[in-house]
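Residues per chain are reported as follows:
2 protein chains.
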Amino acid sequence: MDKFMALAVAEALRGAKKHHGGPFGAVVVRKGKVVAKAHNRVVVTNDPTAHAEVLAIRAAAKKLKNFDLRDCVLYASCEPCPMCLAAIHWARIKKVYFGSCSLDAKKIGFDDELFYEILNGKKKSPVKMVRVGAGKEYLVPLKFWAHDMKAKKY
Amino acid sequence: MDKFMALAVAEALRGAKKHHGGPFGAVVVRKGKVVAKAHNRVVVTNDPTAHAEVLAIRAAAKKLKNFDLRDCVLYASCEPCPMCLAAIHWARIKKVYFGSCSLDAKKIGFDDELFYEILNGKKKSPVKMVRVGAGKEYLVPLKFWAHDMKAKKY
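Chains as they are written, first to last, in our numbering: chain A, 781 to 934; chain B, 781 to 934.
No wet-lab data here; the hints were simulated from the structure.
Every value quoted in this text rests on a predicted model; they were computed, and no experiment measured them.
One or more hints might be untrue.
Said to hold, decoys possible - Straight-line C-alpha distance at most 25 Å; calculated DSS-like pairs for lysine-lysine:
#, chain 1, residue 1, chain 2, residue 2
1, B, 845, A, 903
2, A, 811, A, 843
3, B, 887, A, 930
4, B, 916, A, 783
5, B, 932, A, 797
6, A, 887, B, 933
7, A, 908, B, 813
8, A, 930, B, 903
9, B, 843, A, 783
10, A, 923, B, 886
11, B, 798, A, 842
12, B, 923, A, 797
13, B, 843, B, 933
14, B, 875, B, 845
15, B, 875, B, 811
16, B, 916, A, 797
17, B, 843, A, 842
18, B, 783, A, 916
19, B, 813, B, 783
20, A, 874, B, 932
21, A, 923, B, 923
Claimed, not checked - From the structure, some residues in chain A lie toward chain B, with a derived Cβ separation under 10 Å:
#, residue
22, 787
23, 794
24, 796
25, 797
26, 812
27, 814
28, 819
29, 854
30, 869
31, 881
32, 891
33, 900
34, 911
35, 928
36, 931
All C-beta atoms in this analysis are idealised placements derived from N, C-alpha and C, irrespective of residue type, glycine included.
Please build the complete structure, drawing on both the sequences and the hints.
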């Protein structure tokens, strides 16, 4: 197994053994060096967003003082869920290596695959989305940003 | 405007004026009371995952000491992006109210709509996903979790 992937899998097992959360690990690598590694901490931190990939991205971005990680690669012990995949897109990471897949995660009770099916329209979401209005007042923050020359665009 | 939605929009504008990040705000409400509110902090924290909804969910879960927020409702000044929508699913939130939409965000340069199109298969992703293997060694953490009676399942 590739050394970075082995590290992601070891991190996954370490987190599971510590009962920190689901059995998932991730490593962010830049120019052949580990920038950050993390395992799922949903249970121990009571944070539903504390997936391995999100935590590794957050740690790497903090370390590099840059929310743009386009020169980094992510290794994930298991296929990233839709939340993590979207986070990878926001971080502008261009390549992701993964080992087990969302169907493997499904077999042990995780909803990654279901959420993929919801996001691509194959399954109905349990979340009711209600657009309350499209009035001008909702556009005020967006217009402020668009005209603010000091805003750092991303 | 509904008072919670007004709060989300005010939070969005406040964050933009402080140059903390994109012009987005979110509020988590439980039984008619605000549990947490947040605005986007991507720029000020160098965290690509620091969207308003993610931060509000994290803060609410921390406050309630529970990663399961199924008795909460989310108000977002703008339609949640795919990362935030998946986070909402993981948090088991059942209802989301929002004001402006991902097309409004697109108009001022944000990729929410693009990422939705990527996730539902309409557009090609800039992220190359490489499955490096499906061997037994990748399943070790998952199998440990599945057989661990002490693991808190979620």
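Do the hints match the structure? See the list:
1. B:845 / A:903: Not satisfied, since the Cα-Cα distance of roughly 30 Å exceeds 25 Å.
2. A:811 / A:843: holds, 15 Å
3. B:887 / A:930: holds, 18 Å
4. B:916 / A:783: At roughly 16 Å apart (the allowed maximum being 25 Å), residue 783 of chain A and residue 916 of chain B satisfy the hint.
5. B:932 / A:797: holds, 12 Å
6. A:887 / B:933: Holds. Residue 887 of chain A to residue 933 of chain B sits at ~13 Å (cutoff 25 Å).
7. A:908 / B:813: holds, 20 Å
8. A:930 / B:903: Not satisfied, since the Cα-Cα distance of roughly 32 Å exceeds 25 Å.
9. B:843 / A:783: violated, 38 Å
10. A:923 / B:886: Holds, because 12 Å separates the two Cα atoms, which is no more than 25 Å.
11. B:798 / A:842: holds, 20 Å
12. B:923 / A:797: holds, 12 Å
13. B:843 / B:933: holds, 21 Å
14. B:875 / B:845: Within the cut-off at roughly 20 Å; holds.
15. B:875 / B:811: holds, 13 Å
16. B:916 / A:797: holds, 18 Å
17. B:843 / A:842: holds, 24 Å
18. B:783 / A:916: Holds - the C-alpha atoms of residue 916 of chain A and residue 783 of chain B are around 16 Å apart, at most 25 Å.
19. B:813 / B:783: This hinted pair holds, its Cα atoms lying about 11 Å apart.
20. A:874 / B:932: violated, 33 Å
21. A:923 / B:923: violated, 50 Å
22. 787: Result: violated, 13 Å to nearest chain B Cβ.
23. 794: Check passed: Cβ of residue 794 of chain A comes within 9 Å of chain B, closer than 10 Å.
24. 796: Status holds, d = 5 Å.
25. 797: holds, 7 Å
26. 812: violated, 16 Å
27. 814: Result: violated, 17 Å to nearest chain B Cβ.
28. 819: At 9 Å from the nearest chain B Cβ, residue 819 of chain A passes the 10 Å test, so the hint holds.
29. 854: holds, 9 Å
30. 869: holds, 5 Å
31. 881: holds, 7 Å
32. 891: holds, 7 Å
33. 900: holds, 5 Å
34. 911: Hint holds; residue 911 of chain A Cβ to chain B Cβ min 6 Å, cut 10 Å.
35. 928: holds, 7 Å
36. 931: Holds - the Cβ of residue 931 of chain A comes within 10 Å of chain B, reaching about 6 Å at its closest.
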